[in-house]
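Put the two chains together into one complex; each comes in its own frame, and the hints tell you how they fit.
So you can see what is in the structure, the chains are spelled out below.
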Amino acid sequence: MFAYACIGILFLFVIVKCIQYGWHRKKSLDPETIDKALLGMLNSERDKA
Amino acid sequence: MSKKNSKTPVYLKPFHKTKYSYEKLKVCKKCHAFSILGDKTCPDCGKPDLIPVEEQAARNAKHSMHTAVLIAVCIGLLSIFLSNSFLQMALCGIVTIVLIGVLWIVQRNVLDTESIRALDKLFYANQKNVQDGIIEDYKAAIDNWDTDKQRCYEMLREIGTLLHNDMMRLRQLTLLQTFLLRKDMDLELEPLLVRKYEPVLVDYIGELAKIKRDLIKDRTFQYIMAFEPEIMGQEQGLDILTAVAGAAVRMKHYVRSYAGFVRRYAYNLPKDRFLRLYQMIEQYPNEDWGRLSEEVMRIYTEKYQWDPDFQQKSQRGHSI
Ligand SMILES: [Zn+2]
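Sequences listed follow chains G and D, in order. Positions 1 to 49 (the working numbering) are the ones given, in order, by the first sequence. Positions 1001 to 1320 (the working numbering) are the ones given, in order, by the second sequence.
Chain D on its own, in the form it takes in the complex (with noise of 0.2 Å):
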């Protein structure tokens, strides 16, 4: 059976990219449990009263403001409870009112950054609980590992954002190589990019830059470009290799910045391809592509000369 054909068909979730990486996290109001995973239901202690993080540092904040005021009220009744005359009483009364307003009115407009300070004392005081809560997920995630991939990506996929190591993201690349990738796939890359050479990586990319190559940016060039002999020593390795130098032409930054990169594939790239680079090369005559314009005429001369796409382009980019 070929490489592809057992490769699984699948539908993953699309996954929801937030700003910062603890807007993914959630906390348990009961047992200040941790986890990236469960919706409501607390994987914990199983009761459905797990709350984002930030609402639960809003909640601290606020715990610690209405702390304030009451203290603030007791001393206020506390000065009515003493006073020796209704004059004094009244007076103590309109003092503590306005008082307790200015308290109130201020801590309305420093929500906000009491909420950001509460946060990150949440973080601080349950390092552990943090840290416990992403293994616990993992462990979850794991479990699934025979028994659906599709869901145990999906759950690692979420974990990624939290932990960052070579062992997580070669986890999902191994899951992915199981699925049937397709463009219309919420796909990442950069994430996933390891330190070593790792040909479940390459395959990966060399999938990516067949079906999604604006995923492949700098860093995976660099990353390919590290570890190139390795690459072509590995099973379809040139056909990787050329469909990176292939994803590089879709602009002219990267094909400037890896014009060795990209000689060295240029003669297999296949036809569309060549015939992109051949007319960024041709629009931009004085741009430094060092030896890439010498091996792109020399490949056109050779293979496209009389190529009627090539000289129908050739003629409308030289009438621009």
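Just chain G, same shape as in the assembly (with noise of 0.2 Å):
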């Protein structure tokens, strides 16, 4: 009986995985953001040309 919780557990940890990635891929972040976001922490507003 313990087997089958264990593997119900399982299956239930893989799907949250996979809907967690598929999320992720859904909501996927855009490198030119990230760039920008970077920029943004290292340069106040004051010093943008």
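Derived from the structure by calculation, the hints contain no laboratory data. Each hint should be verified, as a subset may be incorrect.
Which stretches of chain G does chain D cover? Using the computed rule of at least three CB atoms under 8 Å from a CB of chain D, they are [what the hints assert, rightly or not]:
#, region
1, 15–28
2, 35–42
Cβ pair distances, simulated, as ranges [unchecked claim]:
#, chain 1, residue 1, chain 2, residue 2, range
3, G, I9, D, H1016, 46 to 54 Å
4, G, H24, D, K1196, 41 to 49 Å
5, G, K36, D, P1048, 25 to 33 Å
Quick caveat: nothing in here was measured; it's all calculated off a predicted structure. We put the beta carbon where it would ideally sit given N, CA and C, even for glycine.
Put into structure tokens, the structure is as follows:
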């Protein structure tokens, strides 16, 4: 019985992980956005020419 | 000694441009220090563990995926261990293998998006480390200010891809003004434009207008026009303004956009530049050049009416 419970947990775990990956893919970040965020972090608004 | 003679001839390393500025950034695998200058050796701990941030992000993403697989394996093994019969054991084993297989296939397909996410996470979690790393790089570059100006400039140019402020730009411009600039050098202009009037920048623009006209684009023309009275008052100001007007002549778009500016310095343009301007105006008579065309015709009549170059080119222009 415990073995089936474990398999159930494993099944849920894999499903949750796959949904999580799919969600990340759907809301995928753009490298340009990351670049802008990094430049924004390193440079204050005042400095931008 | 003339200004030009006091300049040093240098051979600058080619500047490798990247699509995204973060591609220049590296991180130490051991101490998590960030640097834009280091090649392999970490400037903080001295270990040869510096890797590009993208590589670190991919490692982080893979690590997180491996952890998920490991958890799945542990749960699967536990199910086998807790089985009451051989049949149950086999069943649990097969289901575990299938589920882990599915997880592995999904992970393989999302590695790119997960790596990008990990990169964002890496920067967000290490904001202070990134800032500190860049400041350390800046200090390392400035240490060479008096001893090795070329190295100092090359370092500042790299840091300048991430650090955008007028102090950085002015430091680079000051160094560039100590070098004997050549056409074949890997130079840049637009990233060095500052907000205020800076004679050192104007001098640099003046030099580029002579040796690398293609670097002079819209933002530079706008800068020069914004500070035209100040430039006129500076040493060789008229020469610089004329050289910039000469650079505008290389493209119809610039002549049309800054017709007033070109008109003001058209009289002083060298013959070859004026000839180009004259041909442009002749070639597009229906274009709205404002008062520029009148001024060009006036200069032509006054200075070049009997010049054979203008006659030949003019006839050729009409025959096209
Ligand atoms: Zn280190």
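Cross-check of the supplied hints:
Judged by the Cβ-Cβ criterion of 8 Å, the region 15–28 of chain G is covered by chain D as claimed, because 7 of its residues qualify and three suffice. Against chain D, the region 35–42 of chain G contributes 6 residues with a C-beta closer than 8 Å to a partner C-beta. That satisfies the three-residue criterion, and the hint holds. Checking the proposed 46 to 54 Å range against I9/G and H1016/D shows it holds: the Cβ atoms sit about 50 Å from each other. The beta-carbon spacing between H24/G and K1196/D, approximately 45 Å, falls within the hinted interval of 41 to 49 Å.
Distance hint check: the CB atoms of K36/G and P1048/D are about 32 Å apart, consistent with the given range 25 to 33 Å.
Comparing the model with each earlier hint shows no violations; every hint is respected.
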